[in-house]
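A.B. asks: With these hints in hand, go ahead and build the complete structure from the sequences.
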Amino acid sequence: MSEIPSQQSEQIHPTLLRPGTAAPDFTLRTRPDQSISLSQFRGKPTILAFYPADFSPVCGDQMTLYNQILPEFQRFNAELLGISVDGVWSHLAFSKDRNLHFPLLSDFEPKGSVAKKYGVYRNQDGITERALFVLDSNGIIRWSYVSPIGVNPGAEGILKALESLSEPK
Amino acid sequence: MKMGMKTEIVKLTLAVNSGRDHIQGPTSAVATLIEYGDYKCPYCGQAYPIIKEIQKHLGNKLRFVFRNFPLTEIHPHAQHAAEAAEAAAAQNKFWEMHDHLYEHQQALDDDHLEKYAAKIGLDLARFNNDMSTHAHVGRIREDFLSGIHSGVNGTPTFYINGIRYNDSWDLETLLETLRSAI
Chain Y
1470 MSEIPSQQSE
1480 QIHPTLLRPG
1490 TAAPDFTLRT
1500 RPDQSISLSQ
1510 FRGKPTILAF
1520 YPADFSPVCG
1530 DQMTLYNQIL
1540 PEFQRFNAEL
1550 LGISVDGVWS
1560 HLAFSKDRNL
1570 HFPLLSDFEP
1580 KGSVAKKYGV
1590 YRNQDGITER
1600 ALFVLDSNGI
1610 IRWSYVSPIG
1620 VNPGAEGILK
1630 ALESLSEPK
Chain X
125 MKMGMKTEIV
135 KLTLAVNSGR
145 DHIQGPTSAV
155 ATLIEYGDYK
165 CPYCGQAYPI
175 IKEIQKHLGN
185 KLRFVFRNFP
195 LTEIHPHAQH
205 AAEAAEAAAA
215 QNKFWEMHDH
225 LYEHQQALDD
235 DHLEKYAAKI
245 GLDLARFNND
255 MSTHAHVGRI
265 REDFLSGIHS
275 GVNGTPTFYI
285 NGIRYNDSWD
295 LETLLETLRS
305 AI
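Sequence lines, in order, name chains Y and X.
The numbering of the first sequence is my numbering, which starts it at 1470 and goes up by one.
The numbering of the second sequence is my numbering, which starts it at 125 and goes up by one.
Hints are supplied without guarantee of correctness; some may be wrong.
Stated by the list, open to error - Keeping only pairs whose Cα atoms sit at most 20 Å apart, straight-line, the calculated EDC-like set for lysine to aspartate or glutamate is: (1) Y/Lys1629 <-> X/Glu197; (2) X/Lys135 <-> Y/Glu1625; (3) Y/Lys1565 <-> X/Glu197.
To be verified - Okay, the calculated bits of chain Y under chain X, using three or more residues with CB under 8 Å as the criterion: (4) 1529–1543; (5) 1624–1632.
Hint data in this document are derived by calculation from the structure and do not stem from the laboratory.
Even for Gly, the Cβ is constructed at its ideal location relative to N, Cα and C.
C.D. replies: Written out as structure tokens, the structure is:
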């Protein structure tokens, strides 16, 4: 994992869960009548993308970009989960507006509790960091990264992490 | 440059290549500005006249390169618009089509694309054949993938001399940054 830049996130985010840590399990709502548990995704690489809020006022915001890139993630058999503190109704509207093909999870009640477990909650703002985690098929964190809140990190870090997961050990 | 202060430096992975890229300005230009853009994206539309203005200011000190990054999930017409620009490129009229598309962003459905092709003087039979066979999707895909691997994080994303530009692309800021790179 040496080529993946995580140095900066270590310095800025002492609480960020580090590679080698087992990803804490959680169950969150994705729709008014449906919940998703992380443990459902064992056996596949999983990408957790924490983001500050639905409906960022730009084209090609982070979730829209990942949606467009989804086939590239799927080449690694990886699942993508978006997570924010927005409620399910907001997620539903956002998903529909951006035509998203992956689930958005609602870390809404108790607010930010999953983000706190992963060390990426911003107490001062009441939102999550813009944080990325790539888990291997055993649910172990293999890469984690926090981007400055205003900077969409793009996808190349995720793709590098997925590539290194699929390399023979 | 300012960009390194906020986040790590993100580099372009596919170098500019005059054999494949659409380029304005001389190879000897001191600064190279690359845009990854989507013809339907309103922000790219806002950036379009800014780039023109910057080109006027910097003249042959600047080389400008455009690569496709169509966000088809939110902009259904973006893919065909990109194909139309590439079909025009096959007839050596890429920039004519590129400009025309950004100047008519509100109407990029297939009928309009054909009208624009006629307007800029393309061989229509050849254009229509390229469009119906999707002759240029491979190239658009290559642009798109090079963007993903280079850290494109929305449209437009700019690179100056191979480094992702993270600052505001308003005329003043972008021009000043390019001047400091020259």
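A.B. asks: State for each hint whether it applies.
C.D. replies: Verification of the supplied hints:
A hinted pair counts as satisfied when its Cα atoms are at most 20 Å apart, and lysine 1629 of chain Y with glutamate 197 of chain X does not qualify at roughly 24 Å. Distance hint between lysine 135 of chain X and glutamate 1625 of chain Y is fulfilled; the C-alpha atoms sit about 10 Å from each other, no more than 20 Å. Simply put, lysine 1565 of chain Y and glutamate 197 of chain X have alpha-carbon atoms about 11 Å apart, close enough for the 20 Å limit, and the pair holds. Given as covered by chain X, the region 1529–1543 of chain Y passes the check, having 9 residues with a CB less than 8 Å from a CB of that chain where 3 are the minimum.
Counting residues of the region 1624–1632 of chain Y whose beta-carbon sits less than 8 Å from any beta-carbon of chain X gives 3, enough to reach three: the coverage restraint holds.
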